[in-house]
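Colleague: Chain by chain, the residues run as shown.
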Amino acid sequence: MAVKQVNPTRMELSRLKKKLNTATRGHKLLKDKRDELMRRFLEMVRENRALRMRVEEQIRRANANFVLAKSSMSDETLKTALLAPKQAVYVTTSYRNVMSVDIPVFDTETRTPDPNDIYSYGFAFTSSDLDDAVKSLSDVLPDLIRLAEIEKSCQLMADEIEKTRRRVNALEHVMIPETQEQIRYITRKLDENERSTQTRLMKVKDMMLQQAHGY
Amino acid sequence: MSERIAVFGDKESVYGFAALGLDTYFFDPSEDYVAVFKKLCQSKSYTIIYITEAAAAFLDKEIAKYRSEPSPAIILIPGVTGNTGEGLSAIRISVEKAVGSDIFNE
Numbered sequence: 467m468a469v470k471q472v473n474p475t476r477m478e479l480s481r482l483k484k485k486l487n488t489a490t491r492g493h494k495l496l497k498d499k500r501d502e503l504m505r506r507f508l509e510m511v512r513e514n515r516a517l518r519m520r521v522e523e524q525i526r527r528a529n530a531n532f533v534l535a536k537s538s539m540s541d542e543t544l545k546t547a548l549l550a551p552k553q554a555v556y557v558t559t560s561y562r563n564v565m566s567v568d569i570p571v572f573d574t575e576t577r578t579p580d581p582n583d584i585y586s587y588g589f590a591f592t593s594s595d596l597d598d599a600v601k602s603l604s605d606v607l608p609d610l611i612r613l614a615e616i617e618k619s620c621q622l623m624a625d626e627i628e629k630t631r632r633r634v635n636a637l638e639h640v641m642i643p644e645t646q647e648q649i650r651y652i653t654r655k656l657d658e659n660e661r662s663t664q665t666r667l668m669k670v671k672d673m674m675l676q677q678a679h680g681y
Numbered sequence: 178m179s180e181r182i183a184v185f186g187d188k189e190s191v192y193g194f195a196a197l198g199l200d201t202y203f204f205d206p207s208e209d210y211v212a213v214f215k216k217l218c219q220s221k222s223y224t225i226i227y228i229t230e231a232a233a234a235f236l237d238k239e240i241a242k243y244r245s246e247p248s249p250a251i252i253l254i255p256g257v258t259g260n261t262g263e264g265l266s267a268i269r270i271s272v273e274k275a276v277g278s279d280i281f282n283e
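Quick mapping for you: the protein sequence lines, in order, are chains S and D. Going by my numbering, the letters in the first sequence line up with residues 467 to 681, in that order. Going by my numbering, the letters in the second sequence line up with residues 178 to 283, in that order.
Next up, chain S with everything else stripped away, as it sits in the complex (with noise of 0.2 Å):
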C-alpha cells in the first residue's frame, strides 16, 4: 500500500498512535450503530410493506365505491356535494429520535370532532353510494397516516444507514490500516535509527582503542 509520507519522529509516532486509538474506538462505535439501525429499519420495512399492500387494497376498494357512486349520480351532483368539505385534517409533526436519525411522528386532528362531518352534503340529492365510498376512504385514513410515517422513518433511515455504513467501510479498509502502516514505519525507522547509533558508537570505540593503546 502507498504510504502517505510521515515525518519519523516520536511525536508524530504518539499522535498517530491517538488517532488509531480514535479510530478503532470510533469504528466499534459506528459498527454497532450500523448494525442496530439495519435491525430496526428491517422491522420497519416489514411492517411498512404489509401496511402499504393493506391500504393500497382499502383504497381500491373506496375507489371502486367511487366510481359505483359516480355511475349513479350527475357529476355536477357529485361536484356540488363535494365542494365545500365540513371537516378538516390537522397534522402536527413531532420527532422521535432512533439512533440519531429523527423520524416523524403525526398526530392528526379534526376541525370538528363528530365524526360524521365527512359528509359534506344533505342526503337528498346524493346516493347512499357516495355515503358508502365516503366512508370507506374514511376508513383508510389512520392506515394512510400511519403509512406515511413508517415510509417516510424508512426513507430517512435507509439514507443514514447508507452513511454509516460507507463511513464504517472507510475507516475499516483506508483509515484504520493505512494508520497501523505509518506507525509501522515509524518505529522500523526510529529502530534502525538507534541500531545505526549503536554501531557508530562501537565503532568510535574501536577506534579510540586503537588509538590510545594499539589494539
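Derived from the structure by calculation, the hints contain no laboratory data. Be aware that one or more of the hints could be misleading.
With a cut-off of at most 25 Å between alpha-carbon atoms, the simulated SDA-like pairs for lysine to any residue come out as follows [stated by the list, open to error]:
1) S:Lys499 - S:Ala636
2) D:Lys188 - S:Leu607
3) D:Lys221 - S:Glu575
4) S:Lys497 - D:Phe281
5) S:Lys601 - S:Tyr585
6) S:Lys629 - D:Glu246
7) D:Lys215 - S:Thr574
8) D:Lys274 - S:Arg506
9) S:Lys494 - S:Val634
10) D:Lys188 - S:Ser594
11) S:Lys552 - D:Arg181
12) S:Lys601 - S:Tyr556
13) S:Lys629 - S:Arg491
14) S:Lys470 - S:Ala636
15) S:Lys629 - D:Pro247
16) D:Lys274 - D:Glu239
17) S:Lys484 - S:Asn635
18) D:Lys274 - S:Leu495
19) D:Lys274 - D:Glu246
20) D:Lys188 - D:Tyr202
21) D:Lys188 - S:Asn531
22) S:Lys601 - S:Tyr587
23) S:Lys601 - S:Arg520
24) S:Lys552 - D:Phe203
25) D:Lys188 - S:Asn582
26) D:Lys215 - D:Arg244
27) S:Lys497 - S:Asn487
28) D:Lys274 - S:Leu508
29) D:Lys238 - D:Ser222
30) S:Lys484 - S:Gln648
31) D:Lys216 - S:Ile611
32) D:Lys188 - D:Ser220
33) S:Lys629 - S:Arg562
34) D:Lys274 - S:Tyr561
35) S:Lys655 - S:Pro474
36) S:Lys545 - D:Glu189
37) D:Lys221 - S:Tyr556
38) S:Lys669 - S:His679
39) D:Lys188 - S:Ser602
40) D:Lys188 - S:Leu549
Computed from a predicted model, the values in this text were never measured in an experiment.
Based on these hints, arrange chain D on the given structure of chain S.
Modeller: Okay, now just chain D, sitting in the frame of chain S:
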C-alpha cells in the same frame, strides 16, 4: 404548528379525499404539473403529500429530491386506474439503499 395534508393526482382518483378534509390538487398532464407539485413541496404547510402512482410516474425526479429530506413525506397511493406497484417499488429502493440488495424479493 398545524400542517395540512395534500393529495395530488388525477381528478377521478383524488376528489373523494376532499370530503375527509384533505386538500386536493388535480394533476393535469396538459398543465404545468411540475410547478404545481414543486409549490406543494416547498410550501411549509403540507407535511404529508399523497400522490397517485400515475401522477408520480411523471414526477420521478422531483420526488427523488425529497426522499432524504425530513419533510414533506411524499407517499404514493394507487389511483382509480389501478395499482401499478410503484408504491412497493419505493420500499424496494429504500431496502436496496440500506442493505445493498433487495432481500424481500419475491
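Colleague: State for each hint whether it applies.
Modeller: Tested hints:
1. S:Lys499 - S:Ala636: holds (15 Å)
2. D:Lys188 - S:Leu607: Within the cut-off at roughly 19 Å; holds.
3. D:Lys221 - S:Glu575: Holds - the C-alpha atoms of Glu575 (chain S) and Lys221 (chain D) are around 18 Å apart, at most 25 Å.
4. S:Lys497 - D:Phe281: Status holds; Cα separation ~23 Å.
5. S:Lys601 - S:Tyr585: Measuring from Cα to Cα gives roughly 8 Å; hence the hint holds.
6. S:Lys629 - D:Glu246: holds (14 Å)
7. D:Lys215 - S:Thr574: holds (24 Å)
8. D:Lys274 - S:Arg506: Answer holds: Lys274 (chain D) to Arg506 (chain S) is near 15 Å, not above 25 Å.
9. S:Lys494 - S:Val634: Given that 25 Å is the threshold and the Cα spacing comes to 8 Å, the pair holds.
10. D:Lys188 - S:Ser594: holds (21 Å)
11. S:Lys552 - D:Arg181: Judged against 25 Å, a Cα distance of about 15 Å means the pair holds.
12. S:Lys601 - S:Tyr556: At roughly 19 Å apart (the allowed maximum being 25 Å), Tyr556 (chain S) and Lys601 (chain S) satisfy the hint.
13. S:Lys629 - S:Arg491: holds (18 Å)
14. S:Lys470 - S:Ala636: Holds, at roughly 16 Å.
15. S:Lys629 - D:Pro247: holds (16 Å)
16. D:Lys274 - D:Glu239: At roughly 18 Å apart (the allowed maximum being 25 Å), Glu239 (chain D) and Lys274 (chain D) satisfy the hint.
17. S:Lys484 - S:Asn635: holds (20 Å)
18. D:Lys274 - S:Leu495: holds (21 Å)
19. D:Lys274 - D:Glu246: Holds, at roughly 15 Å.
20. D:Lys188 - D:Tyr202: Judged against 25 Å, a Cα distance of about 8 Å means the pair holds.
21. D:Lys188 - S:Asn531: Between Lys188 (chain D) and Asn531 (chain S) the Cα gap is close to 15 Å, so the pair holds against 25 Å.
22. S:Lys601 - S:Tyr587: holds (13 Å)
23. S:Lys601 - S:Arg520: Within the cut-off at roughly 17 Å; holds.
24. S:Lys552 - D:Phe203: Answer holds: Lys552 (chain S) to Phe203 (chain D) is near 20 Å, not above 25 Å.
25. D:Lys188 - S:Asn582: Given that 25 Å is the threshold and the Cα spacing comes to 24 Å, the pair holds.
26. D:Lys215 - D:Arg244: Within the cut-off at roughly 14 Å; holds.
27. S:Lys497 - S:Asn487: It holds: about 15 Å lies between the C-alpha atoms, which stays within 25 Å.
28. D:Lys274 - S:Leu508: holds (12 Å)
29. D:Lys238 - D:Ser222: At roughly 22 Å apart (the allowed maximum being 25 Å), Ser222 (chain D) and Lys238 (chain D) satisfy the hint.
30. S:Lys484 - S:Gln648: Measuring from Cα to Cα gives roughly 13 Å; hence the hint holds.
31. D:Lys216 - S:Ile611: Given pair Lys216 (chain D), Ile611 (chain S) holds - Cα atoms ~22 Å apart, limit 25 Å.
32. D:Lys188 - D:Ser220: It holds: about 22 Å lies between the C-alpha atoms, which stays within 25 Å.
33. S:Lys629 - S:Arg562: holds (19 Å)
34. D:Lys274 - S:Tyr561: holds (23 Å)
35. S:Lys655 - S:Pro474: holds (6 Å)
36. S:Lys545 - D:Glu189: holds (11 Å)
37. D:Lys221 - S:Tyr556: Judged against 25 Å, a Cα distance of about 13 Å means the pair holds.
38. S:Lys669 - S:His679: holds (15 Å)
39. D:Lys188 - S:Ser602: holds (18 Å)
40. D:Lys188 - S:Leu549: At roughly 13 Å apart (the allowed maximum being 25 Å), Leu549 (chain S) and Lys188 (chain D) satisfy the hint.
When each numbered hint is compared with the structure, no violation occurs for any of them.
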